[in-house]
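Peer 1: These are the residues of each chain, in order.
Protein chains: 2
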Amino acid sequence: MSQYQPVRFVNVRLEGAFWKERLDTVLARTIPSQHDKLAEYGILESLKLPQPPPPLRFPRHANGFTVQVFWDSDVGKWIEAASYALSHRRDADIEAKIEAIVDDFEKAQAPDGYLNCWYLGREPEKRWSNLRDNHELYNAGHLLEGAIAYYETTGRRRWLDIMERYVGHIRETFGPGPGQKRGYDGHQEIELALFKLYRLTGERQHLDLAAYFINERGMPSPHYFDVERQAREEKGWELQRYVQGTYEYSQSHRPVREQDKVVGHAVRAMYMYTAMADLAAELNDAGLKQACETLWRDVMDTKMYITAGLGPSAYNEGFTYDYDLPNQTAYAETCASVALIFWAQRMLHLDLDGRYADILETALYNGALSGLSRDGTNYFYMNPLESNGTPSRWDWHTCPCCTMNVSRLVASVGGYFVSTASDGIAINLYGGISTTIETAGTKVALREISNYPWSGDVRIEVNPETPATFDLKVRIPGWCVGASVRVNGEPVSAGAVNGYVTIHRRWSAGDAVTLDLPMPPVRIFAHPGVVMDAGRVALQRGPLVYCLEEADNPGGRVQRFRLPREAELRTSTRADLFAGTDVTTLSARAVAIDESGWGTLDRTAPPAEQTATGAALPYYLWANRGQGSMVVWVPEA
Amino acid sequence: MSQYQPVRFVNVRLEGAFWKERLDTVLARTIPSQHDKLAEYGILESLKLPQPPPPLRFPRHANGFTVQVFWDSDVGKWIEAASYALSHRRDADIEAKIEAIVDDFEKAQAPDGYLNCWYLGREPEKRWSNLRDNHELYNAGHLLEGAIAYYETTGRRRWLDIMERYVGHIRETFGPGPGQKRGYDGHQEIELALFKLYRLTGERQHLDLAAYFINERGMPSPHYFDVERQAREEKGWELQRYVQGTYEYSQSHRPVREQDKVVGHAVRAMYMYTAMADLAAELNDAGLKQACETLWRDVMDTKMYITAGLGPSAYNEGFTYDYDLPNQTAYAETCASVALIFWAQRMLHLDLDGRYADILETALYNGALSGLSRDGTNYFYMNPLESNGTPSRWDWHTCPCCTMNVSRLVASVGGYFVSTASDGIAINLYGGISTTIETAGTKVALREISNYPWSGDVRIEVNPETPATFDLKVRIPGWCVGASVRVNGEPVSAGAVNGYVTIHRRWSAGDAVTLDLPMPPVRIFAHPGVVMDAGRVALQRGPLVYCLEEADNPGGRVQRFRLPREAELRTSTRADLFAGTDVTTLSARAVAIDESGWGTLDRTAPPAEQTATGAALPYYLWANRGQGSMVVWVPEA
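Protein chains in written order, with our numbering: chain A, 1 to 637; chain B, 638 to 1274.
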């Protein structure tokens, strides 16, 4: 099969209501407000070197935190998100703000190219002494991704030049050569940035450095994190008394090709698997591809929430054991679902297998999108699947990684819809886009018109400049039963293979493909190993997972509901719930516990019950109407 | 009402099968094996000063930990537990081991009395610079409790003398006077030890110092933990970059009398409330007593597991929000339930109100006792109420606090059974004990004969040396419906008041009281606010909470069971399950999910079901027959 590549987001115009609203919100509100927060929390000030000695002048907030070792990365990620936004519409004010940040980094950079404001400002002699914990290469990766995005949008090279000097220093410092450190970062990320730099510049050395970091990871005898810890101890720098986590925490417990179980910190894991898939694609490395596929199956079979949330535990921000998917304490970090989207996209393009697009879509519409509020200025770091009403969205976080991960995702979401090869076009996602693509020797103007994810009626207009023969591959989502495809009104008899119906024909201007993707609401049952969901059921319609939220079910906690197996699930379209968005809601007759006069915590008298109507909302929309309880997995009556 | 005081454990002989077995196990196996572990893990070696510079010579285990700042406390707690054991039967070997430890402490003690092996061995100049995090006074408290227990058992003063010198140094260092630090420990504990020292010596200064620590806690403007942090920053000692928790974590967010919600680290909270109740009793302080009662209600109404486990969250080892009682991720530290027993005992003796004894009993038979294995050498630090089979008992822990908390509890458990006043005797717990008590001017030989907690048939023989008139108060457990009491075969018509039936009469040798405490198995329903237990039911019989464990229900995860509301709960007595103990088990006809061939993680097809018998075991006995799944709150069918 031809090699499909994603069409970059800058070439995809979002026209459908769903994503246009999200993108407009991110451009108008999220990107500017995130800069305000970077300033308010002292993060921008932390870039101004030299820094004063402790006690620091940086704003000290109620919780007492000052300078975080990973703040550079947040600045880099904001520049990346802001640059994507600038691709949609230029903004002199935002560009001036980025230039001011570049001024600071330019001043901060050491003569040898090193650039980390935390170390340069506080402990310059300790640079590269604790890769395990201190995020130096992680920071470098995000700064580099920001620099690449800014250059791609504006053509301005200054920031990219700074970062290329830093990458040069990193290349000299790390590697298997004499005098080099055989290290890699405790938090994977730079690998992804180096692939981007390689693709931008075509310089093989960047690919090689990424490959080094991936291949060196987890090599034993001695383990690098032990080597550097011993060096710290010898210098008297090792002050931590507590356990700093296991090798598994950073997926460095064994060489990456030998890893077959998903372990540790979820975001680190997803970034690493993404980089592994990148490397597998670049080098056509079958062994690495197989490792990716094994790890993918492990996540899918035993470790993923129905929302595509990942990592049940706050303790390690990550994975625990098979089927451990608690609902109320789900960590399910927004960043992890965003990173799963990255990984799924890489896997999708290895073979154009729709099961990867299925998960990409699930993460996009559920576990990742839930991280951003309707108003675009509030966030979830954790995305629980059940709430007693206590969690509410935050306008910032001491570790603001998720805020910019979701803004950069939405600002570039068009990049996930369409892929191309030399002789074909694949439509991976629906939702209303237009693009122009070169394939089979001609330019093809493509327009996908739908009200997806609310409706499965999709029309695709295919307008080649000159008639041409190529594949049009349309994805049939894994959740869909009974899909049908027509070309110019005539049914297509071919069934979906690997999740795509392939229409191979000579295309001419005016051709149109229509899809009918039925999306009745359905009940979902969890694997019995997921003991938290024993006796419970979830509701889904199309790619959207639903939840019962107190705002739609006033009168107490929504955990009062029990849903009979036979109760009909009804749909309604509501324009009144959220301005600018039609929302399809669900409802059903249910049984509700009457908790009035309950008294003590536990009692021998069973709860009284009455019939009531339960109303369900797409999960990604929860917690936008004040605090209240929420549940995805509802007990059955 | 007369003031009731507990009869010390040394005066109470355990004769019933249940506690005799546990005590014998602790004496024969737990106490000696704990000394072995203290040696194996380098904890005893850490007392030998001067210590070498890093890298340390202490055993470095697989998880990389070395010297913990709180190790002194573990040694103190082992000495306390071992001393209680010596009260039951002297042991020259154990005594020699304690003396060897005292040798080390004697050598380590600074000329001014200061004694903390971590600081003296590593950073002597930093003593008392971080009370918030570093447990110095907490360690002192446990060392002092150990010294008191050892002195009370053996009459040897050397260890107590060392500790009295240290207490003198602490008294000079802390207080409101000029040049004194207005500090208190981040981890409450020393207050409890100072009360014991006050009661031992009668010296008011010890009570005053405890009162100072309690009253100073949480005083604002400035908060002491900020004062000391600022001092560390000025000296360049503040290296922590991450948030170290909130004031609430250590219950120092406001003065203790103003606290009305239970917050933060569960063990710290319970120790503090215990000390508050101690102080309320000593000073007859109505305001402090009221604060204790308010906090008690908060725990009971919204924050306690059915097992009397406390603290749902591993993140802060403590409390979160009302009704947050997840089962599988329950932290429910053994120490917290042990500490709840301490607090409940203090509350019980303020008014002799049986509701405190109810909770004491629940914690004793469930959340605390579950922390110790049948063989006496394995432990639970966390006591979840549901398991997929992953957790297993540990033979030690990097933070071994729970191991010695449960051994000191069992070694002194006789002290919770009986209380006396000048004109009465109260029997708080049943289980087969004998004791001789002075009341109403005579010696009363008392014998309580029962097979409790397996049976509610209790016989109490009352043999005063000379006939005398006094109250005999027998507790009617809160779980009991339809209790009856007889004196010499004649029904007692008085009902229970505050949980006790009071029999006021002239007692003569040969008198006997019999109790019939019916204990049918019952279903328990959780408050609807405990959303994790929606649609679920727990089983209880007498004071024992039950669980379904895989060992009794082979064929897959016990979460496959759903229990119909109408299914009869049957009891059996099993002598074959655990050597030396008859166990009452429960069983019922249930519905079981058939998970064979399930496939993917989530699916639209509902699970197949079949009928099956579910067997339940007392919760405290779980995880003694290998790994396997377990559930307390069973979904209803």
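Since the hints were made in silico from the structure, they are not lab data. As the structure is a computational prediction, the values presented were derived from the model and not from experiment. Backbone N, C-alpha and C define an ideal beta-carbon position, used for all residues, glycine too. Incorrect hints may appear among the rest.
What the hints assert, rightly or not - Only pairs whose alpha carbons sit at most 20 Å apart, straight line, appear in this in silico SDA-like list of lysine to any residue:
(1) B:Lys685 / B:Val647
(2) B:Lys898 / A:Asn378
(3) A:Lys261 / B:Gly1026
(4) B:Lys898 / A:Gly389
(5) B:Lys657 / B:Val647
(6) A:Lys289 / A:Asp260
(7) A:Lys235 / B:Gly873
(8) B:Lys833 / B:Glu919
(9) A:Lys196 / A:Leu207
(10) B:Lys898 / B:Thr931
(11) B:Lys763 / B:Phe707
(12) B:Lys833 / B:Gly873
(13) A:Lys196 / A:Val10
(14) A:Lys126 / B:Arg794
(15) B:Lys744 / B:Arg794
(16) A:Lys235 / B:Lys657
(17) B:Lys763 / A:Asn378
(18) A:Lys261 / B:Pro1028
(19) A:Lys126 / B:Trp874
(20) B:Lys818 / B:Ser858
(21) A:Lys443 / A:Gln5
(22) B:Lys872 / A:Thr390
(23) A:Lys235 / B:Trp874
(24) B:Lys872 / A:Glu123
(25) A:Lys20 / A:Asn378
(26) B:Lys734 / B:Pro748
(27) B:Lys872 / A:Pro391
(28) B:Lys833 / B:Lys763
(29) B:Lys734 / B:Ser670
(30) B:Lys898 / A:Pro391
Said to hold, decoys possible - Estimated spans, in silico, between C-beta atoms of each pair:
(31) A:Asp36 / B:Ala1242: 47 to 53 Å
(32) A:Glu233 / B:Lys685: 17 to 23 Å
(33) B:Asp988 / A:Arg589: 34 to 40 Å
(34) A:Arg156 / B:Gln1264: 56 to 62 Å
(35) B:Asp988 / A:Ala314: 36 to 42 Å
(36) A:Asp395 / B:Val1134: 26 to 32 Å
(37) A:Asp594 / B:Asp988: 30 to 36 Å
Peer 1: What are the numbers of the hints that this structure violates, sorted from low to high?
Peer 2: Going through the list in order, the structure violates hints 1, 2, 12, 14, 16, 17, 22, 26, 27, 28, 33 and 36 and respects the others.
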